[in-house]
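A.B. asks: Build out the structure end to end from the sequences listed, making use of the hints.
Residues in the sequence shown are numbered from 1 upward in steps of one, following this note's numbering.
Please keep in mind that the hints were generated in silico from the structure rather than gathered at the bench.
Note that the coordinates shown come from a computational prediction; the quantities given were computed from them, not determined experimentally.
C-beta: ideal position from N, C-alpha, C; glycine also.
Among the hints, erroneous ones may be present.
Said to hold, decoys possible - Here are the in silico distance ranges between beta carbons for each label pair:
{"hint": "1", "residue 1": "P31", "residue 2": "K3", "range": "41 to 49 Å"}
{"hint": "2", "residue 1": "R2", "residue 2": "Q30", "range": "37 to 45 Å"}
{"hint": "3", "residue 1": "P31", "residue 2": "R2", "range": "45 to 53 Å"}
{"hint": "4", "residue 1": "L25", "residue 2": "W4", "range": "42 to 50 Å"}
{"hint": "5", "residue 1": "W4", "residue 2": "P31", "range": "38 to 46 Å"}
{"hint": "6", "residue 1": "I7", "residue 2": "Q30", "range": "31 to 39 Å"}
{"hint": "7", "residue 1": "R5", "residue 2": "L25", "range": "24 to 32 Å"}
{"hint": "8", "residue 1": "M22", "residue 2": "R2", "range": "45 to 53 Å"}
{"hint": "9", "residue 1": "M29", "residue 2": "S8", "range": "30 to 38 Å"}
{"hint": "10", "residue 1": "R26", "residue 2": "F6", "range": "27 to 35 Å"}
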Amino acid sequence: MRKWRFISDQMILSLRSETCSMLMLRWAMQPGP
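C.D. replies: See below:
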């Protein structure tokens with residue numbers, strides 16, 4: 001069971017980092033002041 005907990009934690013971490021990079025990309029694409 002601990003292995004599955006670890007795998008789910010890794011999936012959540014990868015999802016979080018992916019969303020963060022997407023947000024950063026969108027912010028970078030916006031014309032800055």
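A.B. asks: Is it true that R26 and F6 lie within 27 to 35 Å of each other by Cβ?
C.D. replies: Since R26 and F6 have Cβ atoms about 31 Å apart, the given range 27 to 35 Å holds.
A.B. asks: Does 37 to 45 Å hold as the CB distance between R2 and Q30, or does it fail?
C.D. replies: holds (43 Å)
A.B. asks: With respect to the beta-carbon atoms only, verify the hint that I7 and Q30 lie 31 to 39 Å apart.
C.D. replies: holds (35 Å)
A.B. asks: Taking 41 to 49 Å as the hint, is the beta-carbon distance of P31 and K3 inside that range?
C.D. replies: holds (47 Å)
A.B. asks: Take a look at whether the Cβ-Cβ distance between L25 and W4 falls inside 42 to 50 Å.
C.D. replies: violated (31 Å)
A.B. asks: 45 to 53 Å was suggested as the range; check whether the CB atoms of M22 and R2 agree with it.
C.D. replies: violated (31 Å)
A.B. asks: Evaluate the given range 30 to 38 Å for the C-beta pair formed by M29 and S8.
C.D. replies: Since the Cβ atoms of M29 and S8 sit about 32 Å apart, the hinted range of 30 to 38 Å holds.
A.B. asks: Regarding R5 and L25, is the given constraint of 24 to 32 Å on their beta-carbon distance met?
C.D. replies: The hinted range 24 to 32 Å holds for R5 and L25, with Cβ atoms some 31 Å apart.
A.B. asks: Is 45 to 53 Å a correct range for the gap between the Cβ atoms of P31 and R2?
C.D. replies: With Cβ atoms ~48 Å apart, the hint holds.
A.B. asks: Does the Cβ distance between W4 and P31 fall inside 38 to 46 Å?
C.D. replies: Roughly 45 Å apart at Cβ, these two residues keep to the hinted range, so it holds.
Checked against the numbered hints above, the structure violates hints 4 and 8; every other hint is satisfied.
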